[in-house]
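Engineer: Using the hints provided, position chain B relative to the given structure of chain A.
Each chain is listed here by its residues.
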Amino acid sequence: MSKPNIENIPAGASWEKTGNTSWTQCPGCKGWFHVGPGILNRPEVKLHCPHCSKDFAQADAARIIRAG
Amino acid sequence: MFRPAQAISTVHEITALQYALEKQGRRPIVLIEKPVMANGKVSDIPVVCNLTASRALVAKALGINDHRSAAPIYAKKTGNPISPKIVSAKDAPVQEIVLEGASVDLGIIPALKQHNFDPGAYLTAAHATTYDPDTGVDNTAIQRCWVKGKSRMSYYPYPASHNNRNMRKFWAKGQNCPVVFWIGHHPAVLMGTQAKLGYPESHWSACGGLIGEPLRLVPSRTFGDKIMVPADAEIVIEGYAPKDVLEADGPFGEYTGYSGPQVAAPVFDVTCITMRKNAIYHDYGSGLTDMLVPDNMAMEGKVYGLVKAVAPSLTNVHVPAQGRRFHAYMQFSKPGPGEVRDGLTAALAYRRLKMVIAVDDDIDLFDDSEMMFALATRVQWSRDSFTIDGLSGSLLDPSTAAGAKTLSKMAIDATFPLPPSPGAPSPVPPRSTVPTSAMAAAAKILEGADMSAWPTL
Chain A
0 MSKPNIENIP
10 AGASWEKTGN
20 TSWTQCPGCK
30 GWFHVGPGIL
40 NRPEVKLHCP
50 HCSKDFAQAD
60 AARIIRAG
Chain B
0 MFRPAQAIST
10 VHEITALQYA
20 LEKQGRRPIV
30 LIEKPVMANG
40 KVSDIPVVCN
50 LTASRALVAK
60 ALGINDHRSA
70 APIYAKKTGN
80 PISPKIVSAK
90 DAPVQEIVLE
100 GASVDLGIIP
110 ALKQHNFDPG
120 AYLTAAHATT
130 YDPDTGVDNT
140 AIQRCWVKGK
150 SRMSYYPYPA
160 SHNNRNMRKF
170 WAKGQNCPVV
180 FWIGHHPAVL
190 MGTQAKLGYP
200 ESHWSACGGL
210 IGEPLRLVPS
220 RTFGDKIMVP
230 ADAEIVIEGY
240 APKDVLEADG
250 PFGEYTGYSG
260 PQVAAPVFDV
270 TCITMRKNAI
280 YHDYGSGLTD
290 MLVPDNMAME
300 GKVYGLVKAV
310 APSLTNVHVP
320 AQGRRFHAYM
330 QFSKPGPGEV
340 RDGLTAALAY
350 RRLKMVIAVD
360 DDIDLFDDSE
370 MMFALATRVQ
380 WSRDSFTIDG
390 LSGSLLDPST
400 AAGAKTLSKM
410 AIDATFPLPP
420 SPGAPSPVPP
430 RSTVPTSAMA
440 AAAKILEGAD
450 MSAWPTL
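In order, the protein sequences belong to chains A and B. For the first sequence, numbering that gives the first Met the number 0 assigns the number 0 to the initial residue and increments by one for each residue that follows. For the second sequence, numbering that gives the first Met the number 0 assigns the number 0 to the initial residue and increments by one for each residue that follows.
This is chain A alone, in the form it adopts within the complex:
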């Protein structure tokens, strides 16, 4: 079950390009940065905004757009 701030990109047909990169929006500066599947599977690890250096939990992200 997705959290409200997580949007999943629906998978397409095998011949359709859907991309492989998930993006997160910082709740502080609203900057976007890309995150790997490994860290999204570990909600206990805080994300770090490379734009404003804010550390925040996934649940506090403004938005997460998840590929795959």
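Keep in mind the hints are simulated off the structure, nothing from the lab. These numbers were taken from a predicted model, which means no experiment stands behind them. Please note that a few of the clues may not be correct.
[As the list claims (entries may be wrong)] Which residues of chain A face chain B? A few of them, derived with a C-beta cut under 7 angstroms, are:
{"hint": "1", "residue": "ASN7"}
{"hint": "2", "residue": "PHE32"}
{"hint": "3", "residue": "GLY35"}
{"hint": "4", "residue": "VAL44"}
[As the list claims (entries may be wrong)] A partial selection of chain A residues facing chain B, derived with a Cβ cut-off under 8 angstroms:
{"hint": "5", "residue": "THR17"}
{"hint": "6", "residue": "GLY18"}
{"hint": "7", "residue": "THR20"}
{"hint": "8", "residue": "HIS33"}
{"hint": "9", "residue": "VAL34"}
{"hint": "10", "residue": "GLY37"}
{"hint": "11", "residue": "ILE38"}
{"hint": "12", "residue": "ARG41"}
{"hint": "13", "residue": "LYS45"}
{"hint": "14", "residue": "LEU46"}
{"hint": "15", "residue": "HIS47"}
{"hint": "16", "residue": "PRO49"}
{"hint": "17", "residue": "ALA66"}
{"hint": "18", "residue": "GLY67"}
[What the hints assert, rightly or not] List of simulated lysine-lysine pairs, BS3-like, C-alpha gap at most 30 angstroms:
{"hint": "19", "chain 1": "A", "residue 1": "LYS45", "chain 2": "B", "residue 2": "LYS147"}
{"hint": "20", "chain 1": "B", "residue 1": "LYS59", "chain 2": "B", "residue 2": "LYS84"}
{"hint": "21", "chain 1": "B", "residue 1": "LYS404", "chain 2": "A", "residue 2": "LYS45"}
{"hint": "22", "chain 1": "B", "residue 1": "LYS40", "chain 2": "A", "residue 2": "LYS53"}
{"hint": "23", "chain 1": "A", "residue 1": "LYS53", "chain 2": "B", "residue 2": "LYS242"}
{"hint": "24", "chain 1": "A", "residue 1": "LYS45", "chain 2": "B", "residue 2": "LYS172"}
{"hint": "25", "chain 1": "B", "residue 1": "LYS147", "chain 2": "A", "residue 2": "LYS53"}
{"hint": "26", "chain 1": "B", "residue 1": "LYS242", "chain 2": "A", "residue 2": "LYS45"}
{"hint": "27", "chain 1": "B", "residue 1": "LYS195", "chain 2": "B", "residue 2": "LYS75"}
{"hint": "28", "chain 1": "A", "residue 1": "LYS16", "chain 2": "B", "residue 2": "LYS404"}
For glycine and all other residues, C-beta sits at the position ideal for the given N, C-alpha and C.
Structural biologist: Chain B in isolation, oriented as in the chain A frame:
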């Protein structure tokens, strides 16, 4: 060597200089004598970059006259390992200065913030040496390190790497993982650490094979002879990766030419920094030619050995920097029936490669216009190309499907058929050429001509 006189910032500016050089097709070694750190101070430690951007210079460092012949020679040299030699601390320049306890400060190292999206300054040429707790055998690999404080970094041992395996073993035993990072050495030693070995297998002897003499090692200050470090390195950082501690690391500009995503990475607590009295900090431009060239030349040696075992007519391999680490060009001379496809299939099994092309010995592997000529005129696609899905590869490839664990790979046979019998011509048209004597005469006519205003495109 290019030694700019002015102060240059470690925040993007040194990397931008490398991009500017790359755009001009120039590959000098660059020594920044006044690197300005993020806090505005000029570091006492100069920065060297672009050290390995030139194939010609890297080949020279390996004692090879022509970079085009690096593949078979690298394969031969790493196939004749020379055991390392242990020296005492007094004979180890890298331990001339020792910073321990409260003296430890990673801030003295002029690490670069290279690309947009990088969250801070990274060590990009830090060679992480760990060991397998079961056998004691060490492993060395380049691992990026994000400098997070005076004595803390995060670093990223890729999940499939041998250093990650060693770390997991220590953690499974309930122990922190000992790690030593060392920075700066002779380019041949740096390339020896890129030799693709089994697990567990030490890189020190491969380094010795490449430099033609035993690599000088010294026991690390923190771990003694459990982790040796190169005595002639520039800087060493010793410490532990505390058990099960993971923090966000990245995004980070990768060898693919794209910014890799933020990951959960181990952290590293520093116990000791040692360095030469006049240490130079070595930086690889991540994804730039100086990072790709030594690794790709090492790959050429590895692929040469793999393919030669099944296709003896293989004569050369080129892993071009413009293909990142994903493409290999292979050259064959008078291959037997099936040999080219055997060779192509063997090369595809090499994890990093995604596309391999076989050409004849009249094609210059190091000239992309020649490669395009071969592809344009010697390939019928349904007959001469094949793909294999589900092979291992780099998941940093931006074209992979989300969640994919394997790749789709392609091989192309761009060779011509052989003559039907010895002494007969091949059943293909001859290339258009002019006599060698006419070419020599043309070169003489052009000698001394002012070409500066002539269009190149």
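Engineer: Compare the structure with each hint and give your call.
Structural biologist: Taking the hints in turn, this is what the structure says about them:
1. Nearest Cβ of chain B to the Cβ of ASN7 of chain A: about 10 angstroms, over the 7 angstroms cut. The hint is violated.
2. Restraint check, PHE32 of chain A versus chain B: the minimum CB separation of about 6 angstroms is within 7 angstroms; hint holds.
3. Given hint, GLY35 of chain A at the interface with chain B, holds; its Cβ is 4 angstroms from that chain's nearest Cβ, closer than 7 angstroms.
4. Taking 7 angstroms as the C-beta cut-off, the interface hint given for VAL44 of chain A holds, the closest approach to chain B being about 5 angstroms.
5. Nearest Cβ of chain B to the Cβ of THR17 of chain A: about 6 angstroms, under the 8 angstroms cut. The hint holds.
6. Of the supplied interface hints, the one on GLY18 of chain A holds, with its beta-carbon coming within about 7 angstroms of a beta-carbon of chain B, less than 8 angstroms.
7. Hint status for THR20 of chain A: holds, given a least beta-carbon distance of 6 angstroms to chain B, under 8 angstroms.
8. Taking 8 angstroms as the C-beta cut-off, the interface hint given for HIS33 of chain A holds, the closest approach to chain B being about 4 angstroms.
9. Taking 8 angstroms as the C-beta contact cut-off toward chain B, the hint placing VAL34 of chain A at the interface holds, the least distance being around 4 angstroms.
10. About 5 angstroms separates the beta-carbon of GLY37 of chain A from the nearest beta-carbon of chain B, less than 8 angstroms, and the hint is met.
11. Residue-level restraint check for ILE38 of chain A holds (minimum Cβ-Cβ distance to chain B is 4 angstroms; threshold 8 angstroms).
12. The closest approach between the C-beta of ARG41 of chain A and any C-beta of chain B is roughly 5 angstroms, which is under the 8 angstroms cut-off, so the hint is satisfied.
13. Contact between LYS45 of chain A and chain B, as hinted, is supported at the beta carbon level, the nearest pair being about 6 angstroms apart and thus within 8 angstroms.
14. A hinted interface residue such as LEU46 of chain A counts as satisfied when its beta carbon comes closer than 8 angstroms to some beta carbon of chain B; here the least separation is about 6 angstroms, so the hint holds.
15. A least Cβ separation of about 4 angstroms between HIS47 of chain A and chain B falls short of the 8 angstroms threshold, and the interface hint therefore holds.
16. For PRO49 of chain A, the interface hint holds, the least distance from its beta-carbon to any beta-carbon of chain B being 4 angstroms, beneath 8 angstroms.
17. For the restraint placing ALA66 of chain A at the interface with chain B, the shortest Cβ-Cβ distance is roughly 4 angstroms, inside the 8 angstroms limit, so the hint holds.
18. With 8 angstroms as the threshold, the beta carbon of GLY67 of chain A comes within range of chain B, its nearest partner Cβ sitting at about 3 angstroms, so the hint holds.
19. Distance hint between LYS45 of chain A and LYS147 of chain B is fulfilled; the C-alpha atoms sit about 15 angstroms from each other, no more than 30 angstroms.
20. Distance check on the hinted pair: LYS59 of chain B and LYS84 of chain B sit about 24 angstroms apart at the alpha-carbon level, within 30 angstroms; holds.
21. The suggested pairing of LYS404 of chain B with LYS45 of chain A holds, with an alpha-carbon distance near 25 angstroms, which does not exceed 30 angstroms.
22. Simply put, LYS40 of chain B and LYS53 of chain A have alpha-carbon atoms about 25 angstroms apart, close enough for the 30 angstroms limit, and the pair holds.
23. For the hint pairing LYS53 of chain A with LYS242 of chain B, the CA-to-CA distance comes to about 25 angstroms; that is within 30 angstroms, so the pair holds.
24. Taking the CA atoms of LYS45 of chain A and LYS172 of chain B, the gap is near 26 angstroms; set against the 30 angstroms cutoff, the hint holds.
25. Taking the CA atoms of LYS147 of chain B and LYS53 of chain A, the gap is near 14 angstroms; set against the 30 angstroms cutoff, the hint holds.
26. Proposed proximity of LYS242 of chain B and LYS45 of chain A is supported: the alpha carbons are some 17 angstroms apart, at most 30 angstroms.
27. Between LYS195 of chain B and LYS75 of chain B the CA atoms are separated by roughly 13 angstroms; this keeps the pair inside 30 angstroms, and the hint holds.
28. Distance check on the hinted pair: LYS16 of chain A and LYS404 of chain B sit about 16 angstroms apart at the alpha-carbon level, within 30 angstroms; holds.
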